[in-house]
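Novice: Here are the chains, one letter per residue:
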Amino acid sequence: MIIGVWIEGQYLATQVVKKYPDQMLKDRIGEQKIILNDLILLATPYCNRDSEYGDLCRYLQKVKEKYRDIRITYTLGEPISVEKDGGLVIEQTETSVVEMTDEQLTEVIDVTKEIRDKLILNN
Amino acid sequence: MKKHFIILVLLFTTCAMLSGQATDPLVSSCIASAGPNSKYLKDFRVQLGKAAEPGELRYKTQMSLWKNTRYRFTMCNSDDSQGKLILRIKDNTNKVVLSSFDQKTGKTYPYVDFICNKSGIYQLSFDFTDGQQGSGVGVVSMIK
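Quick mapping for you: the protein sequence lines, in order, are chains R and B.
Using the working numbering, read the first sequence as starting at 1 and increasing by one per residue.
Using the working numbering, read the second sequence as starting at 1 and increasing by one per residue.
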C-alpha cells in the first residue's frame, strides 16, 4: 500500500515537473532517494513471496538504479532558537542540497512512468 | 495483484482523508489550537504510565521532514495528566535538532515551529515531564 501510494505520488510529481520545471519540485523528486531505500527495505521480506511481488521489487531496484548517481550533500550548522508568542521557533541552519542533472531527472521521469504504467495499466 | 494494487491505493487515499477528521476530542482541540494558518499533517496520540526512572524519552516514532518547509509541532495534554507532553527531534545523525523542553530553565513550550532546511527522516521522541504519567497528543502541521 505504502509503495503504491509512493509510486503514484512520484508519477504525479514527475509528470508535473515535465510541464512545469520548478526547482523546488525537482529537488523534492531528487530527495525521494532518501525514501526509496526505506521502501526497498520494507519490500525485501516479500520479494520471494510470488512473481508479482518479485516484479515489484525489481521495479523498485530499477528506480534505485536511476537514482544511484543523484547526490544529496549536506552543509553543517547549529539550529537557531527564538521564543515567540509563548512558543519556540527553531531554524535549522544545516541544509541538504540535491545534485541532479536534467538527464538524470529525465531518466527518473521515464522509469517512474514505465513502472507505474506496468502496475496500473498492465502494459 | 494489479486490481488489488489499484484498490489498495484508493483505499489508502480514502483512509488518509478520513483520518484527517479526528474523532478524539483532545486531538480535535489540539489541531484547532495549532492556528488558522496551519495545515494538519499528522498526530501522535501518546499515553504513558509513570516511568520507573526518568531518562530517555519513551514514545519514539519517525517522520520524513522536507526542506523549505515550516512545521509546527503542537503538544496538548489531557486534564488528568500528571506531566506535560514534551517532544525531542533528532536527525539521521542522532543530533538533537529540536526540543520543546528547556533543560536549563525547566520551561516547556506548548508548540515549536521548525523551519526545516534539511530533508530526511527524523526521529521524534515524546514523553511527559519527569517521566510522569500522562495522556496527550502531538500534532504536526505545516505553516502556510
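Hints were generated in silico from the structure; no laboratory data involved.
Positions of the beta carbon are idealized from the N, C-alpha and C atoms, including for glycine.
Among the hints, a few may not be true.
Said to hold, decoys possible - Simulated restraints on C-beta separations:
1) R:106 x B:103: 47 to 53 Å
2) B:37 x R:1: 47 to 53 Å
3) B:32 x R:65: 44 to 50 Å
4) R:86 x B:80: 22 to 28 Å
5) R:48 x B:61: 38 to 44 Å
6) B:102 x R:77: 18 to 24 Å
Novice: Indicate, hint by hint, whether the structure satisfies it.
Specialist: Evaluation of the provided hints:
1. Taking 47 to 53 Å as the suggested C-beta distance range, the pair residue 106 of chain R and residue 103 of chain B conforms, at roughly 49 Å.
2. Checked against the hint of 47 to 53 Å, the C-beta distance between residue 37 of chain B and residue 1 of chain R comes to roughly 31 Å, which is inconsistent with it.
3. With their beta carbons about 46 Å apart, residue 32 of chain B and residue 65 of chain R fall inside the hinted range of 44 to 50 Å.
4. A C-beta distance of roughly 23 Å is found between residue 86 of chain R and residue 80 of chain B, which places it inside the suggested range of 22 to 28 Å.
5. Remark: the range hint 38 to 44 Å for residue 48 of chain R to residue 61 of chain B is contradicted by a beta-carbon distance near 29 Å.
6. About 20 Å separates the C-beta atoms of residue 102 of chain B and residue 77 of chain R, a value consistent with the hinted range of 18 to 24 Å.
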